[in-house]
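**Student:** What follows is each chain in one-letter form.
2 protein chains.
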Amino acid sequence: MDNPVIRTLLNHRSIRKFTDQKLSEDQIELLVKCAQAASTSSYTQSFSIIGIDDPALKKELRIISGDQPYVEANGGFFVFVADQYRNKKIGERSGIDTRVLDTTQRLTVALGDAAFAAQNMAVAAESMGLGICYIGSIQRDIERTAALLKLPDYTFPLFGLAVGYPDQEPEKKPRLPLKNIYHRNTYAAQLDDAALERYDQQVADYYHSRTGGRREETWTEQIANGLSTPPRLALKPFLEKQHLGRR
Amino acid sequence: MDNPVIRTLLNHRSIRKFTDQKLSEDQIELLVKCAQAASTSSYTQSFSIIGIDDPALKKELRIISGDQPYVEANGGFFVFVADQYRNKKIGERSGIDTRVLDTTQRLTVALGDAAFAAQNMAVAAESMGLGICYIGSIQRDIERTAALLKLPDYTFPLFGLAVGYPDQEPEKKPRLPLKNIYHRNTYAAQLDDAALERYDQQVADYYHSRTGGRREETWTEQIANGLSTPPRLALKPFLEKQHLGRR
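First to last, the sequence lines map onto chains A and B. Read in order, the letters of the first sequence correspond to residues 1 to 247 in the numbering used here. Read in order, the letters of the second sequence correspond to residues 1 to 247 in the numbering used here.
Everything labelled a hint here was simulated from the structure, so no lab data went into it. Source: prediction; values computed, not measured. Mixed in with the good hints there might be a few duds.
Identical copies carry no separate label here, and so any pair may be met within one copy or between two of them.
[Unchecked claim] Straight line, CA to CA, 20 Å or less: simulated SDA-like cross-link-like pairs of lysine to any residue:
hint	residue 1	residue 2
1	Lys173	Ile6
2	Lys236	Arg246
3	Lys33	Asn11
4	Lys150	Asp54
5	Lys241	Thr103
6	Lys22	His243
7	Lys58	Gly95
8	Lys150	Gln27
9	Lys59	Asn11
10	Lys33	Arg13
11	Lys58	Gln222
12	Lys89	Glu143
Whenever a hint applies, use it, and build me the whole structure from the sequences.
**Tutor:** Pasting the structure below:
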């Protein structure tokens, strides 16, 4: 069952250092076409992609993201937006009541459409010898991100995708044992502790090798530590303001 | 820039009729591995996959979905779940305050992780000669879906993915013109009407050819008509009950 697609998928690692080479217009167009080819709920295509090449804008997004250099230094940067604004405009032209677009169900659909599209772009990029890194931290100041990109209501910026020619070769990060993420017919609320312990050791080894022994965090330690980061509470009021997920 | 991955991505069409052949355990394991290889926010892997092969359960899900036969008749059926329950359990064991998991930010992250994984599985499946169809309508009775799958709190079932050997060869559904979905640096609130009109004609032609002339809906008509479906309002209280997206 081995094939070039499976190999591309299994070979994924996030790239956080890119060469100076920019993506060509043709590459960008192909990436967007691949993104669009993904499934979309009820054919609504409830997402938009914003390609950022303005240096000042990239710098601003870098600052918002907590100063991650690869937000600015990459071959291309794309922001994926859950988008019900287009659908709203189309409905209004036909004189249709568009209130349904403010539901949590429609927000969920738009999030899915945007994420399917983004993952297709990521896979396409990697097949072309490019590397990618998702940037969720454009939401660290979501109001400012939305203002910079001039996002109208009924839209929600989800994450950025930095794309470019890799200037590093990181190791693959080990994933959870199958038993701890895959369930058969019903959810197994009990964790498989033996598998999880082995996994913890595998992750500690990964960090040890990657940092030359400076870091040896297990996966469960990382999860537990992540719970102590201050909650980012601006998203709910932002969505409310954008008329999304109101009911 | 053509390669087998790009070809697989651009060749996507949803399959709604499968042969009787079931996926093998090896195929399922590979599909899950490919799903897991996708990016995950802060390495949290905030999703679970539930593989459904119990016939009674598949039948129930078929009924919930509005009696779509391919929910029951397929090679394999997978439900993708946004999952903060695992992280919560891990946090509790370390005596960490896990309240951050009830934020909209953490819910968004889990939705993204689950959707990236699902799209990887979809692409992997198509590369193996299988077809796929997302089933968002398992949310039509989300309480019952969650009860059937015994989902604990901090989890949210997003969609099913029906996978199997295609027993039909549908045409590719045309996607929005680039200009109406791709923006440069800032969001273009103005629709490109000329491109949209050509697209509407293209979609009407697609339906005409697919239905032998019985249907000729344009894309904007379909969007407008979709706005009149009754809103599905159970998602917000369900999420609240699951301790997700509360703030």
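**Student:** Next step is simple, just say for each hint if it's right about the structure.
**Tutor:** The hints, checked one at a time:
no. : hint               : verdict
1   : Lys173 with Ile6   : within (17 Å within a copy, 25 Å between copies)
2   : Lys236 with Arg246 : both (9 Å within a copy, 8 Å between copies)
3   : Lys33 with Asn11   : between (22 Å within a copy, 11 Å between copies)
4   : Lys150 with Asp54  : within (14 Å within a copy, 49 Å between copies)
5   : Lys241 with Thr103 : both (13 Å within a copy, 17 Å between copies)
6   : Lys22 with His243  : neither (36 Å within a copy, 43 Å between copies)
7   : Lys58 with Gly95   : neither (39 Å within a copy, 40 Å between copies)
8   : Lys150 with Gln27  : neither (25 Å within a copy, 45 Å between copies)
9   : Lys59 with Asn11   : neither (30 Å within a copy, 36 Å between copies)
10  : Lys33 with Arg13   : between (23 Å within a copy, 14 Å between copies)
11  : Lys58 with Gln222  : neither (30 Å within a copy, 37 Å between copies)
12  : Lys89 with Glu143  : neither (22 Å within a copy, 32 Å between copies)
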